Amino acid sequence: AQKITQTQPGMFVQEKEAVTLDCTYDTSDQSYGLFWYKQPSSGEMIFLIYQGSYDEQNATEGRYSLNFQKARKSANLVISASQLGDSAMYFCAMRDFQTSGSRLTFGEGTQLTVNP
Amino acid sequence: DAGVIQSPRHEVTEMGQEVTLRCKPISGHDYLFWYRQTMMRGLELLIYFNNNVPIDDSGMPEDRFSAKMPNASFSTLKIQPSEPRDSAVYFCASSYYRGKRTQYFGPGTRLLVL
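In order, the protein sequences belong to chains C and F.
Those letters in the first sequence? Residues 1 to 116, per our numbering, in order.
Those letters in the second sequence? Residues 1 to 114, per our numbering, in order.
Hint data in this document are derived by calculation from the structure and do not stem from the laboratory.
Note that this is a predicted model, so its numbers are computed, not measured.
Glycine included, each C-beta is placed from N, C-alpha and C at the ideal position.
One should not assume that every hint holds.
[Said to hold, decoys possible] Result set (DSSO-like, lysine-lysine): computed pairs, CA atoms no more than 27 Å apart in a straight line:
no.	chain 1	residue 1	chain 2	residue 2
1	F	Lys100	F	Lys24
2	C	Lys3	C	Lys73
3	C	Lys3	C	Lys70
4	F	Lys100	F	Lys68
5	C	Lys3	F	Lys100
6	F	Lys100	C	Lys73
7	C	Lys70	F	Lys68
8	F	Lys68	F	Lys24
9	F	Lys68	F	Lys78
[What the hints assert, rightly or not] So the derived label-pair ranges between C-beta atoms look like this:
no.	chain 1	residue 1	chain 2	residue 2	range
10	C	Gly62	F	Ser73	28 to 34 Å
11	C	Pro9	F	Ser58	24 to 30 Å
12	C	Gln57	F	Ser27	17 to 23 Å
13	F	Asn51	C	Ala18	38 to 44 Å
14	C	Gln83	F	Pro84	35 to 41 Å
15	F	Val53	C	Thr7	34 to 40 Å
16	C	Glu108	F	Ser58	16 to 22 Å
17	C	Lys70	F	Ile55	24 to 30 Å
18	C	Glu108	F	Pro84	36 to 42 Å
19	C	Arg63	F	Gln17	29 to 35 Å
20	F	Arg41	C	Thr99	18 to 24 Å
21	C	Thr7	F	Ser66	22 to 28 Å
22	C	Gly52	F	Arg64	37 to 43 Å
[Claimed, not checked] Listed next, the stretches of chain F that the computed footprint assigns to chain C, with coverage defined by at least 3 CB atoms under 8 Å from CB atoms of chain C:
no.	segment
23	48 to 55
24	61 to 72
25	84 to 95
26	98 to 105
This is chain C alone, in the form it adopts within the complex:
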């Protein structure tokens, strides 16, 4: 079974609007971490935001926020006020400490295109 599922291969959004990228995960661990990375066309992997399973508040980093719904096992990334530079591939990843130790499991990614 997929541990990380990103159901949107591609998403389009108008500049200055908000967009939500979906991520669902599967783990039996109680302690785990969820990460989002951005990969622009230049190829580098850029860390965006982290949510721990015990964190009571949703994580936020500037225009990025994470809509964490533990019971539904979802960790959706919300990008507010989209910019042209946000066009990139976005990966959701998880580390479940007991099962995988330090390994990260990545989803297949969502290609986001921001239209002017």
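Based on the hints, put chain F in the right spot on chain C.
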């Protein structure tokens, strides 16, 4: 602060040649990871080290691949002999054992084996 450094950034070689990829992790980080990214298979973890010791090499595709970490500031991934199916982007990442253990990635090495 310097991020993860990888070299070379691009490598073109012929089938059968030896390829060595290099990585310098972020200073103070004690975990180092090697990933491979292809269109077909996405991001795959090949191997990771903790305090220079290989912990999990279950992702290494076959004996042609080997990785070493002789000290805390340097690691190599070697492919010998290389094959066209090894063409991919190879990433190195490092993390610190405390807290979130966020992995920070290097810029990657684009390998093309002809």
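Hints the structure fails to honour: 7, 12, 18, 19, 21, 24
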